[in-house]
Structure formats: structure tokens, C-alpha cells
Amino acid sequence: MGVLAIGIVTVPFGVAGWCKVKSFSGETGHFLGLKEVCIRFGGSDRNLAVEEVKASGSLVLVKFAGINTPEEARKLSGAELLVERAFGQKLEHGEYYINDLCMCALFCHNERVGQVTGMIEGGPALLLEVRKDDGTTVLIPFIGKFIGGVDLPNLRIELTEDFLLS
Numbered sequence: 001m002g003v004l005a006i007g008i009v010t011v012p013f014g015v016a017g018w019c020k021v022k023s024f025s026g027e028t029g030h031f032l033g034l035k036e037v038c039i040r041f042g043g044s045d046r047n048l049a050v051e052e053v054k055a056s057g058s059l060v061l062v063k064f065a066g067i068n069t070p071e072e073a074r075k076l077s078g079a080e081l082l083v084e085r086a087f088g089q090k091l092e093h094g095e096y097y098i099n100d101l102c103m104c105a106l107f108c109h110n111e112r113v114g115q116v117t118g119m120i121e122g123g124p125a126l127l128l129e130v131r132k133d134d135g136t137t138v139l140i141p142f143i144g145k146f147i148g149g150v151d152l153p154n155l156r157i158e159l160t161e162d163f164l165l166s
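Following the working numbering, the numbering of the sequence shown begins with 1 at its first residue and continues without gaps.
Hints should not be assumed to be uniformly reliable.
Claimed, not checked - Keeping only pairs whose Cα atoms sit at most 30 Å apart, straight-line, the calculated BS3-like set for lysine-lysine is: (1) Lys-90 to Lys-22; (2) Lys-22 to Lys-75; (3) Lys-20 to Lys-75; (4) Lys-75 to Lys-54; (5) Lys-63 to Lys-75; (6) Lys-35 to Lys-63; (7) Lys-54 to Lys-22; (8) Lys-35 to Lys-75; (9) Lys-35 to Lys-22; (10) Lys-132 to Lys-75; (11) Lys-90 to Lys-63; (12) Lys-132 to Lys-63; (13) Lys-35 to Lys-90; (14) Lys-132 to Lys-145; (15) Lys-54 to Lys-90; (16) Lys-20 to Lys-54; (17) Lys-90 to Lys-20; (18) Lys-20 to Lys-63; (19) Lys-54 to Lys-35; (20) Lys-20 to Lys-35.
What the hints assert, rightly or not - Estimated spans, in silico, between C-beta atoms of each pair: (21) Thr-137 to Gly-42: 20 to 30 Å; (22) Asp-133 to Ala-65: 42 to 52 Å; (23) Ala-65 to Asp-134: 25 to 35 Å; (24) Gly-2 to Gly-78: 42 to 52 Å.
It is worth saying that the hints were derived from the structure and are not from the lab.
All C-beta atoms, glycine included, are put in the ideal place defined by N, C-alpha and C.
Modelling step: build the complete structure from the supplied sequences, incorporating the hints.
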């Protein structure tokens, strides 16, 4: 649980090699102090120094060292930005990093029923994508009405309503 994916490079910005970055959390303040990131692209990782970051609203612009043209910046499009957990967005009580939730098993009435494999935006609530132990996949609304608790140290999420499993 050491690194977090905090965003993805979308497109070049301007003529000096700046990159637009989409923040996975929707927050941008945690980008401002970055000095180095790990870029994950096509199954390989490489570290890049960060020269400057500009954030406004949901827009993040990043200038990486050694990336000086739009053509060089375009080669980074689709790359994930990974940072040490300490540089990720600070969480409020009841908030979780998606990659932490995706490491959890789902339990209902104290019985393991599946593994969380992803999260999907589903209108008013995020949906846990769960591969059940029988091989089928279900979507579970990640809201207090259906989630009895999240126990990250034990990689466990408790579901309160078993009808959501059918």
C-alpha cells in the first residue's frame, strides 16, 4: 500500500511541454508540492522530476523536467502518475482510496462472498464492482445504507443487505 495513482496525463498544453493531468480524486491541491512522480505507461514505470505545477479548479498542469515540446508531452498521454502515499490527497473521516478498497474482500453476515475488483461512478453513488466467489460479478452501491463497515487493516468490507448479491 505504498504508492497511489493520483492522476492521468491527458493531453499536451501549450508549446513548452506542459501536460494536462486529470486528478483521480477531483482534488488538485496535493499536486502543488510534488517534486518527483513515477509515470506508469504501457506496463513500465519511470521516475520524472516535476519542475512546476499549476492547479486551478479541477485542472492540473504539470511541467516535467526534460519534456520541452508538445510532441514529447503527447508521448505521456495516458500515463498514470504515482506518488508515495504521503503525497496523495488527504482523506477525511469515512473517505478511502479506491485502490485500498479494491484490495478488500466483501463479506455479508460474516461470510466471505467475493472480492472488490473496481469502482464505477453510478450516478448518486459510487458502485463497488465485486467478483463473487461463484465467478459472477455484481455492482454494490457504496453507501452507508448497504455498507456496514470498512476494515482496511483486515482488507474487509461488510455488506448489510444480501439481496444486492443476486
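Evaluation of the provided hints:
Of the pairs offered as hints, the one joining Lys-90 and Lys-22 holds, with about 17 Å between alpha carbons and a cut-off of 30 Å not exceeded. Between Lys-22 and Lys-75, the direct Cα distance comes to roughly 16 Å. Compliance with the 30 Å bound is thereby established for this hinted pair. Note on Lys-20 and Lys-75: the hinted pairing holds, with a Cα-Cα distance of about 12 Å set against a maximum of 30 Å. Proximity of Lys-75 to Lys-54 is assessed by CA-CA distance (about 20 Å); at most 30 Å being required, the pair is judged to hold.
Among the hinted pairs, Lys-63 with Lys-75 is consistent with the structure: their alpha-carbon atoms are about 14 Å apart, no more than 30 Å. A distance of roughly 11 Å separates the Cα atoms of Lys-35 and Lys-63; the hinted pair therefore holds under the 30 Å criterion. A C-alpha spacing of about 13 Å is found between Lys-54 and Lys-22, which places the hinted pair at or below 30 Å, so the restraint holds. Using a Cα cut-off of 30 Å, the hinted pair Lys-35 and Lys-75 holds, with the two alpha carbons roughly 20 Å apart.
Restraint check for Lys-35 and Lys-22: satisfied, since their Cα atoms lie roughly 18 Å apart, inside the 30 Å limit. Annotation: proposed proximity of Lys-132 to Lys-75 is violated, straight-line Cα distance about 38 Å (limit 30 Å). Proximity of Lys-90 to Lys-63 is assessed by CA-CA distance (about 23 Å); at most 30 Å being required, the pair is judged to hold. Distance restraint check for Lys-132 and Lys-63: the Cα-Cα separation of roughly 43 Å exceeds the 30 Å cut-off, and the hinted pair is therefore not satisfied.
Simply put, Lys-35 and Lys-90 have alpha-carbon atoms about 18 Å apart, close enough for the 30 Å limit, and the pair holds. Of the pairs offered as hints, the one joining Lys-132 and Lys-145 holds, with about 20 Å between alpha carbons and a cut-off of 30 Å not exceeded. About 19 Å separates the Cα atoms of Lys-54 and Lys-90, which keeps this hinted pair within 30 Å; it holds. With a C-alpha separation of about 10 Å, the suggested pair Lys-20 and Lys-54 falls inside the 30 Å cut-off, and the hint holds.
Straight-line distance between C-alpha atoms of Lys-90 and Lys-20 comes to about 22 Å, which keeps the hinted pair within the 30 Å bound. A distance of roughly 9 Å separates the Cα atoms of Lys-20 and Lys-63; the hinted pair therefore holds under the 30 Å criterion. About 13 Å separates the Cα atoms of Lys-54 and Lys-35, which keeps this hinted pair within 30 Å; it holds. Restraint check: the Cα-Cα separation between Lys-20 and Lys-35 comes to about 17 Å, which is no more than 30 Å; the hinted pair holds.
Taking the beta carbon of each, Thr-137 and Gly-42 are about 27 Å apart, inside 20 to 30 Å as hinted. A C-beta distance of roughly 47 Å is found between Asp-133 and Ala-65, which places it inside the suggested range of 42 to 52 Å. In this structure, Ala-65 and Asp-134 break the distance hint of 25 to 35 Å, their C-beta atoms being roughly 50 Å apart. Range check, Gly-2 to Gly-78: Cβ separation about 23 Å, and the 42 to 52 Å hint is violated.
Of the hints listed earlier, those the structure fails to meet are numbers 10, 12, 23 and 24, in rising order.
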